[in-house]
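A.B. asks: Same order as they appear, the protein sequences are chains A and B. The first sequence begins at 37 in my numbering and counts up by one. The second sequence begins at 37 in my numbering and counts up by one.
For the record, the hints were derived by calculation from the structure and aren't laboratory data. Don't take every hint at face value.
One copy or two, either will do: identical chains are not told apart, so a pair holds if it fits within one copy or between any two.
Claimed, not checked - Okay, derived cross-link-like pairs now, DSS-like style, lysine-lysine, Cα gap no bigger than 25 Å in a straight line:
#	residue 1	residue 2
1	Lys122	Lys408
2	Lys192	Lys65
3	Lys319	Lys408
4	Lys192	Lys232
5	Lys65	Lys255
6	Lys214	Lys255
7	Lys377	Lys397
8	Lys397	Lys427
There are 2 protein chains.
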Amino acid sequence: MGQEFLNLTDPDEVKRIIKNLTINRKTEKVHLTETYGRILAENVHATIDLPPFDRASMDGYAVHAKDTFSATEDHPVILNLLEVVKAGNVPKKNLLKGNCVEVGTGAPLPSEADAVVMVEFTNTEEDQIKIYDAVAPGENIASRGSDIEKGNILLKSGTIINPNKIGVLSAIGMSYVKVFTRPRVAVISTGNELIKPNEDLKYGQAYDINSETISSAVKSCGCEPIHAGIAKDDYNHLKDKISQFFDADIIITSGGTSAGAGDVLSEVVEDIGKVLVHGISVKPGKPTLIGTLPDENVDKIIFGLPGYPVAALVVFQVFAAPLLRRMAGIKEYKQKKEVIKFRVSNRYHSARGRSQYVLVKIREDQAHPILKDSGAITAFAEADGFFEVPKNVEIVEKGDEIGVIPLSRL
Amino acid sequence: MGQEFLNLTDPDEVKRIIKNLTINRKTEKVHLTETYGRILAENVHATIDLPPFDRASMDGYAVHAKDTFSATEDHPVILNLLEVVKAGNVPKKNLLKGNCVEVGTGAPLPSEADAVVMVEFTNTEEDQIKIYDAVAPGENIASRGSDIEKGNILLKSGTIINPNKIGVLSAIGMSYVKVFTRPRVAVISTGNELIKPNEDLKYGQAYDINSETISSAVKSCGCEPIHAGIAKDDYNHLKDKISQFFDADIIITSGGTSAGAGDVLSEVVEDIGKVLVHGISVKPGKPTLIGTLPDENVDKIIFGLPGYPVAALVVFQVFAAPLLRRMAGIKEYKQKKEVIKFRVSNRYHSARGRSQYVLVKIREDQAHPILKDSGAITAFAEADGFFEVPKNVEIVEKGDEIGVIPLSRL
Chain A
37 MGQEFLNLTD
47 PDEVKRIIKN
57 LTINRKTEKV
67 HLTETYGRIL
77 AENVHATIDL
87 PPFDRASMDG
97 YAVHAKDTFS
107 ATEDHPVILN
117 LLEVVKAGNV
127 PKKNLLKGNC
137 VEVGTGAPLP
147 SEADAVVMVE
157 FTNTEEDQIK
167 IYDAVAPGEN
177 IASRGSDIEK
187 GNILLKSGTI
197 INPNKIGVLS
207 AIGMSYVKVF
217 TRPRVAVIST
227 GNELIKPNED
237 LKYGQAYDIN
247 SETISSAVKS
257 CGCEPIHAGI
267 AKDDYNHLKD
277 KISQFFDADI
287 IITSGGTSAG
297 AGDVLSEVVE
307 DIGKVLVHGI
317 SVKPGKPTLI
327 GTLPDENVDK
337 IIFGLPGYPV
347 AALVVFQVFA
357 APLLRRMAGI
367 KEYKQKKEVI
377 KFRVSNRYHS
387 ARGRSQYVLV
397 KIREDQAHPI
407 LKDSGAITAF
417 AEADGFFEVP
427 KNVEIVEKGD
437 EIGVIPLSRL
Chain B
37 MGQEFLNLTD
47 PDEVKRIIKN
57 LTINRKTEKV
67 HLTETYGRIL
77 AENVHATIDL
87 PPFDRASMDG
97 YAVHAKDTFS
107 ATEDHPVILN
117 LLEVVKAGNV
127 PKKNLLKGNC
137 VEVGTGAPLP
147 SEADAVVMVE
157 FTNTEEDQIK
167 IYDAVAPGEN
177 IASRGSDIEK
187 GNILLKSGTI
197 INPNKIGVLS
207 AIGMSYVKVF
217 TRPRVAVIST
227 GNELIKPNED
237 LKYGQAYDIN
247 SETISSAVKS
257 CGCEPIHAGI
267 AKDDYNHLKD
277 KISQFFDADI
287 IITSGGTSAG
297 AGDVLSEVVE
307 DIGKVLVHGI
317 SVKPGKPTLI
327 GTLPDENVDK
337 IIFGLPGYPV
347 AALVVFQVFA
357 APLLRRMAGI
367 KEYKQKKEVI
377 KFRVSNRYHS
387 ARGRSQYVLV
397 KIREDQAHPI
407 LKDSGAITAF
417 AEADGFFEVP
427 KNVEIVEKGD
437 EIGVIPLSRL
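Looking at chain A on its own, in the form it has when it is part of the complex:
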């Protein structure tokens, strides 16, 4: 009975297949200002000692710590002010016993000083400084190389360059940084019924949703989408479209994988390359295809997402996003990091025998399952993320803790 056209693969097996795919990573140098969100492609070593010299870590007075040992609130020690060294200036005098030097935070210390008394514990009377508190040697100073010594490793290749990492690169004065080139991802929508935004919608047609959805999801993985447009559900047209964008690092299509559409994608991939997966035992997302196409050095990966927008995005997030992040150079990417725990608001019945991905909206710290089919745009409008119900679980009870994967990292 029926046209059972797919040989379903278990999702864990699919993940294993994807993990074993060979990828090609390129690097480039970009200016520090442009590095936010990029992935470091080299180990970064400290090119200088940090701090580069002994400096004051508080505003106050550089002293011989010994001179202050007897100081108390009632019986201050009085020291002679030799000079004032603000941050950016350089001390000119030797610090003899019984003397002190006013220093700003970040200012270099006179070489003989071994501590700084915070300004809050002092009082000034002309050139006489009253010290009301004892300091130990080393107090309120940051000695040369105490943070990190020249030559030691600061950041590892694969680090995502976020604001604090940019701070680290700034600290050693790096202006050009070697990062992984953003993989270029050709995004193709397939379907005779699809039209571009702003075109007039005729009876039987639908606006192409996946091109923009998947392109923006591609951006969220640190890759650069190439809008390859719409292909017809037609062998030659789809094949031409794929050839046309073959300079991309990976090709992602959506639609064209179901029986009704003639399953043109699998025909094309079978003819010019190799189908690795066609059909995954998940819901939604069953008609997903993964294949490779022969290329110069490393075979080009092609990912055929289902046509329904919700299915396309969920399958993208579960299966394609980890691959894209790996191609983008994100080291040891763990999807686990993405998961946020919530309690589920309602009892949920899952389909038997297939892993199921359920859209949820988060309200008042609870995950509310969205019970709409994967063609529903309003489900998209409401959804904050989704959770997975493994194939051997049929019922998720109200109040159960689930791991929600955000639909976007924004």
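Using the hints, position chain B against chain A.
C.D. replies: For chain B alone, coordinates are given in the frame of chain A:
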């Protein structure tokens, strides 16, 4: 005793003051392709019914449901195939009783059809289709407007445009979208000792860290940084720098707020505007300044972060980021959303009397406090986020659950 120059404000009071600041929000129209990460500045209504016509939600055969009621696996019903309608095509014939029409997913239904039998439950013998399963009226069809009817609201102003929201905008064929203009944020570093990346580091100098760190953090809030460069710890120089970048929507400086640097920022702000906060009872971040400068319509906000990079970024995230996100148009922004719960790896002693922000690195699902001072760049290199120890808490026990705020949303 001492120069107690700051009148410390409680962090909750500071947040209240910031919340009450008047802001100016501008909007602009951008192409759909450029909307990822932007904030919607209008309510979006469905301009068409979705779906726009009754359509098949599965590949199969459009039927009168009644015709299939007696169908079973052993005794199929046989229907006559009238025509084939793929997605993008239009049905041409009337569906009379005893007949069926082959339909692809997304194809319009013949107007008389009230259900679709999935292809899996059928078999074809020339123009005769054997139906092995009964369908109820409405099964496997999505009727016009069943997802959403024209005129109803799809997305609200203030929504962050992530991939699924882009899908929603695509579904109604929107090509230009009204979004909030990214607030322009002038970022100024203050300090005589500071030099730009790639300059030669002389004794007493330090590379400017905060310019790039804060600029990238500004990007993570949906705002556009303007690199205003380095100002000297000098009243006139800082005042000139501020005037020069007065066309920005908000000004963020760092450094120049401590006693040793002469506290030039507060002098400038007092003279040309109003100091609202100078000193917050937090650690790190005590010398923070918040003020307003008179401007045409709405007073311009100026934020003076501490000079130490860790202090600057933490204060930015706690106090400035929510303001910037509000300026960027993010509706009802809740920092809560940002917090991820972890157990702390070690007992942690906090300073008394001030709220404390503690950098942590996440390893093996535990938050490890980084016990370095806020001048340490290696702390920055390791840190994934930070948690807050309220002022009345002195000890966080090993294994306590804490809320970690990521240092970046990347």
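A.B. asks: If a hint holds in the structure, say so; if it doesn't, say that too.
C.D. replies: Status of the hints after comparison with the structure:
In this homomeric assembly, Lys122 and Lys408 come within 25 Å of each other (Cα to Cα) only across copies, at 24 Å, whereas the closest approach inside a single copy is 66 Å. Taking the closest pair of Cα atoms, Lys192 and Lys65 come within 25 Å of each other only inside a single copy of the chain (16 Å); across copies the shortest separation is 40 Å, beyond that limit. For the identical chains of this complex, Lys319 and Lys408 are intra-copy neighbours only, at 13 Å inside a copy versus 48 Å across copies, given an alpha-carbon limit of 25 Å. In this assembly of identical chains, the alpha carbons of Lys192 and Lys232 lie at most 25 Å apart only when taken from different copies (23 Å versus 43 Å within one copy).
In this assembly of identical chains, Lys65 and Lys255 lie within 25 Å of each other by CA distance both inside one copy and across copies; the values are 20 Å within and 21 Å between. When the C-alpha separation of Lys214 and Lys255 is checked against a cutoff of 25 Å, the pair qualifies both within a copy, at 20 Å, and between copies, at 21 Å. Taking the shortest Cα distances, Lys377 and Lys397 sit within 25 Å of each other both inside one copy (13 Å) and across copies (20 Å). Only within a single protomer do Lys397 and Lys427 lie at most 25 Å apart by alpha-carbon distance; the minimum there is 22 Å, versus 35 Å between protomers.
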